[in-house]
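A.B. asks: What follows is each chain in one-letter form.
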Amino acid sequence: EAGVAQSPRYKIIEKRQSVAFWCNPISGHATLYWYQQILGQGPKLLIQFQNNGVVDDSQLPKDRFSAERLKGVDSTLKIQPAKLEDSAVYLCASSPYGGDTGELFFGEGSRLTVL
Amino acid sequence: KNEVEQSPQNLTAQEGEFITINCSYSVGISALHWLQQHPGGGIVSLFMLSSGKKKHGRLIATINIQEKHSSLHITASHPRDSAVYICAVSRNQFYFGTGTSLTVIP
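Chains A and B are the protein sequences, given in the same order. Mapping the first sequence onto the working numbering, position 33 (from 1) lands on 33, and the numbers just tick up by one. Take the position in the second sequence, starting the count at 1, then add 1000; the result is the number in the working numbering.
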């Protein structure tokens, strides 16, 4: 069974530029999460999708971050314009069910450096 | 205050030592998860448990629901166990601890 796929693995951009990350969850997983992990900290939830609907985006900085999962399968996370403090690893995870009942499967992460 | 607290933050051990990482949480949960993150790598789920004890190879995870506490034990530690171990709890969403950085020295 293929795992959670993410790309790119690494991205370096200058502040005020834009960047997009892609995630393909495990086939059949209804729930998809985007997390931001700053060095030395635990993952912070940015957005949770259930199929193609948003369940929780309360911590997503909506003035610069956007995410979509149009067909309920793969997802993109965009940052525009990027700030220095956006330097982090962006983790995508999927679960067969919602947060209460399912094991969480993570991708390798996309490491963003903003200069 | 974080919903999930881990201790210690950093841990250095000699190869072969028995290691314990602790996790306390403050919310009602559906399950507790132990995760492993290698440098530069993604996160791998080690255990998901809601009661009692689970064992996988040299790893043992226990949970005490009444005390809202869990421990991850590593027996006969090895340098390849060096990683960050993250405790997370799930209740509608996931709450993560900040991780315990383990270094096992040969």
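Just so you know, the hints here were simulated from the structure itself, not pulled from any lab data. Quantities reported herein were computed from a predicted structural model and do not represent experimental measurements. Each residue gets a CB set at the ideal place from its N, CA and C atoms; glycine is no exception. Check each hint, because a few of them may be wrong.
[Unchecked claim] Cβ pair distances, simulated, as ranges:
#, chain 1, residue 1, chain 2, residue 2, range
1, A, Gln41, B, Leu1049, 17 to 27 Å
2, A, Asn51, B, Ser1007, 18 to 28 Å
3, A, Pro81, B, Ser1051, 41 to 51 Å
4, B, Lys1053, A, Glu85, 17 to 27 Å
5, B, Glu1015, A, Lys71, 22 to 32 Å
6, A, Pro96, B, Asn1064, 39 to 49 Å
[Stated by the list, open to error] Far from chain A by the CB rule (all over 12 Å, computed), these chain B residues:
#, residue
7, Ile1019
8, Ser1045
9, Arg1080
[As the list claims (entries may be wrong)] Here are the simulated BS3-like pairs of lysine-lysine, each with C-alpha atoms no more than 30 Å apart in a straight line:
#, chain 1, residue 1, chain 2, residue 2
10, B, Lys1055, A, Lys83
11, A, Lys11, B, Lys1054
12, A, Lys62, A, Lys83
13, A, Lys44, B, Lys1054
14, A, Lys78, A, Lys44
15, A, Lys44, B, Lys1068
A.B. asks: Each hint needs a verdict: does it hold in this structure or not?
C.D. replies: Evaluation of the provided hints:
At about 24 Å, the beta-carbon gap between A:Gln41 and B:Leu1049 stays in the expected band of 17 to 27 Å. The beta-carbon spacing between A:Asn51 and B:Ser1007, approximately 38 Å, falls outside the hinted interval of 18 to 28 Å. The beta-carbon spacing between A:Pro81 and B:Ser1051, approximately 48 Å, falls within the hinted interval of 41 to 51 Å. In this structure the hint that B:Lys1053 and A:Glu85 lie 17 to 27 Å apart at CB is violated, the actual value being about 41 Å.
Judged by the Cβ atoms, the range 22 to 32 Å given for B:Glu1015 and A:Lys71 is violated: they are separated by roughly 49 Å. For the pair A:Pro96 and B:Asn1064, the supplied restraint of 39 to 49 Å is violated, since their beta-carbon distance comes to about 27 Å. The beta carbon of B:Ile1019 sits about 20 Å from the closest Cβ of chain A, which is more than 12 Å, so the claim that it is off the interface holds. Not every CB of chain A lies more than 12 Å from the CB of B:Ser1045, the least distance being 6 Å, so the non-interface label is violated.
Once the 12 Å rule is applied to beta carbons, B:Arg1080 is consistent with being away from chain A; the minimum gap is 18 Å. Among the hinted pairs, B:Lys1055 with A:Lys83 is inconsistent with the structure: their alpha-carbon atoms are about 43 Å apart, more than 30 Å. About 38 Å separates the Cα atoms of A:Lys11 and B:Lys1054, which puts this hinted pair outside 30 Å; it is violated. Between A:Lys62 and A:Lys83, the direct Cα distance comes to roughly 14 Å. Compliance with the 30 Å bound is thereby established for this hinted pair.
Between A:Lys44 and B:Lys1054 the alpha-carbon distance is near 27 Å, which keeps this suggested pair within the 30 Å criterion. Of the supplied pair hints, the one linking A:Lys78 and A:Lys44 holds, its CA atoms being roughly 16 Å apart against a limit of 30 Å. Restraint check for A:Lys44 and B:Lys1068: the C-alpha separation of about 22 Å stays at or below 30 Å, so the hint holds.
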